[in-house]
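Each chain, letter by letter, is given below.
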Amino acid sequence: MKRHFRDIVPFDQDSADRAIEEGHGLHPLDEYLKPGRIPHIWCPGCGLGVVLTTYIEAIRRKGIPVDKCVVVSGIGCTGRVAGYLDMDTYHTTHGRAIPFATGLALVRPDLHVTVFSGDGDLFAIGGNHLIHGARRNINLNVICVNNFNYGMTGGQAGPTTPVDARTSTTPMGNAEPGFNLPHLAHASGAVYVARWTTFHPRQLVHSITETFDKKGFTFIEVIAPCPTGYGRPNKLGSGLEEMRYYKEMSEVRNGADPSKAEIRLKGKILCGTFINVERPDFLETYNNLVIAKAQGRDKGKAA
Amino acid sequence: MAEKDVLTGEHFIHGDAACAEGGLAAGCRFFAGYPITPATEVAERMARRLPEVGGIYIQMEDEIASMAAILGASWGGVKSMTSTSGPGFSLMMENIGLGMMTETPCVVVNIQRGGPSTGLPTLVGQADVMQARWGSHGDYGCIAVSPASPQECFDLTILAFNLSEMYRQPVFVLADEVVGHMTEKVIIPPREQIHVAQRAKPAVERSKYLPFESTGPMPAPMAIAGDGYHVHVTGLTHDERGYPVITDAVQERNVRHIVEKVRMNAHNIIRVDEVALEDADVVVIAYGCTSRVARQAVEDMRRKGHRVGLLRLVTLWPFPSNIVRRLAGQVKAFVVPEINYGQMALEVERTAGGRAETVLMGLMGGSIHSPQEIQEVVGQYL
Ligand code: SF4
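Protein chains in written order, with numbering that gives the first Met the number 0: chain D, 0 to 302; chain Z, 0 to 381.
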């Protein structure tokens, strides 16, 4: 067949460089942000900026070189976190950040692999991957930003939307209960489980730094305002007012039983580090059990 | 333990095992999969063999996760593969698209069975030829090889890895149940006789490196995690830096690049076996297990003096359009026996452009053609 296409517009390196020179250096954390990627796409009042900043603060505090950090995201507003960080970042398919990160973390135990994604991505379409990642105890740090709805697509109900909450697909109120994420992560085998809100940035930074020292599957839920998708229909006000609401409703109880951490509409939000235990991760068991046997290192016997 | 990766010597193994050995010889050190008939034996062989060479075998929760995991491992700098069959291949399509868009080398072995849906789990089919070509949404170039023997399962899995590294994309080994479960002699040559392509690494400094640049029709060298290039890898439409840009102009370049790197290099990728084509009046076009029967049919007819030839497709995609177009001006008919309702026959007919008749001999799955059946149909066009 004959093919007719438009001319391809070649990549303009000079203007890209110029945009970077003009725009870079304005933000205090610029050295951690990919050149030329700011301004971000998030709404005013969105909680995602706080979560991004706490992650950067945590690597800074731990002194981990960015070359040793990798972020993997799924799809959605939180999925865009990967694209802003100046490190190796992978923006994958909807719900599949954990299995992608599993492959990466298993072949590169020298890297700190963090999965950043939203509640819909990690617990609806990706729910199966999360529970299996936790069960296997893959060495991954999962940060789940929970804003009780699908923000990117305009505020639909998701796996964490509480009963009776309004979203664009539950205009009369939600008929389903939401998941209790810390309880699910704990029951699936995560070695570290915490929940904070964006009103708790200091505690959140501390939690993230703790997960960098843990081997195995760690899980942090961050409750974040989404004034656009969730705040408005549920009359939680602006981003700031939603944050104030989380401040009033949250109750910090470190070591609390995650089964008690269920969130109801207008109910208390239990926060804290709930679980912090040790358990051999996948690679440790694989190396000591499987590889050792296959290579005849155990009892000098060949498999 | 590296010496155990290439088991130089003569083996009597089935095609599934030979695919696994081919992967190991090509340098595969990560396998993620999910059990499915008739491809499970590939995973079983890998589960035993990978730990011997210090590699990782992991059984995932489904094929979606398996495909995602091999992409992640590939970005970690390790050659990776998975194996599956029809229904699992369908589940992989989502992340195959991610692999195409993010230009991630890896190999997917598909031991085809009869479909649709659960179909014929234990019996032969060649039902995924078009799924391999078009199965994930959007446009991309497809490379698929089709072994006709356990020996070729070994050889072509190595070729698939080499092509995937060269063109930076997932490459398919489209075998079928008969070839996968057939046990024959497989010769694994000495390591130095096996050509293994190594991944090209960027040679420029970070500010000059464009990870998704197209040089001619070739992809850029690939910086892996931890190399210090801070690459952003996304399934969104992206520019040469990897940054998402949601415009028609960037989409135009992005999609054209991932299609044209295969189309423009088709002459370097395509491999066929040409049997007695010079003066043929009828040419049988076949692949996989069907090509073995077709060869028998053609050789028998040649001995009886009939002008019949065989074009065996070693690569299914890209399709050898130039060869078929040339033959279309010479032959009366192409006879296409395949175990589906006419997937490759469609491509043959399209390419022949009405200059020669295309005759589909379709079987819906569960059995193979007999040489006599093929001879009968060929005879009608001589
Ligand atoms: S829709 Fe919600 S989550 Fe998305 S950017 Fe806006 S406020 Fe943030």
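No lab work stands behind these hints, which were simulated from the structure alone. Any given hint could turn out to be false.
[Stated by the list, open to error] Chain Z is nowhere near these chain D residues, computed Cβ spacing over 10 Å in every case:
(1) 165
(2) 213
(3) 281
[Claimed, not checked] Examples of chain D residues lying across from chain Z (beta carbon under 8 Å, computed):
(4) 66
(5) 87
(6) 91
(7) 101
(8) 162
(9) 163
(10) 255
(11) 256
(12) 289
Even for Gly, the Cβ is constructed at its ideal location relative to N, Cα and C.
| query | Regarding the assertion that residue 213/D does not contact chain Z, is the least Cβ-Cβ distance greater than 10 Å? | reply | The claim holds: residue 213/D sits with its nearest Cβ about 20 Å from chain Z, beyond 10 Å.
| query | Can we keep the residue 163/D interface hint, with Cβ of chain Z closer than 8 Å? | reply | With Cβ-Cβ at 33 Å, over 8 Å, it is violated.
| Looking at residue 165/D again, its CB stays over 10 Å from all of chain Z? | Check passes; 30 Å lies beyond 10 Å.
| said: Under 8 Å is the threshold here; is the Cβ of residue 87/D close enough to any Cβ of chain Z for the hint to stand? | reply: 4 Å, holds
| message | Just to be careful: measuring from the Cβ of residue 289/D to every Cβ in chain Z, is the smallest value less than 8 Å? | response | 5 Å, holds
| Is the hint on residue 66/D kept, meaning its closest Cβ partner in chain Z is under 8 Å away? | Because about 5 Å separates residue 66/D from the closest Cβ in chain Z, which is inside the 8 Å limit, the hint holds.
| request: With chain Z as the partner, please determine if residue 91/D meets the hint condition of a C-beta pair closer than 8 Å. | output: Nearest chain Z Cβ about 6 Å off; hint holds.
| field | Outside-interface status for residue 281/D - nearest CB in chain Z farther than 10 Å | value | Given a closest Cβ separation of 8 Å, the condition is violated.
| Holds or violated: residue 162/D as interface residue toward chain Z, Cβ cutoff 8 Å? | Check failed: Cβ of residue 162/D comes no nearer than 29 Å to chain Z, outside 8 Å.
| query | Once the shortest beta carbon distance from residue 255/D to chain Z is found, is it less than 8 Å? | reply | Constraint on residue 255/D not satisfied, violated at 29 Å.
| Per-residue hint verdict: residue 101/D, partner chain Z, C-beta under 8 Å | 5 Å, holds
| field | Residue hint residue 256/D, partner chain Z, criterion CB-CB below 8 Å | value | This interface hint is violated because 27 Å lies over the 8 Å limit.
Hints 3, 8, 9, 10 and 11 from the list above are not met by this structure, while the remaining hints are.
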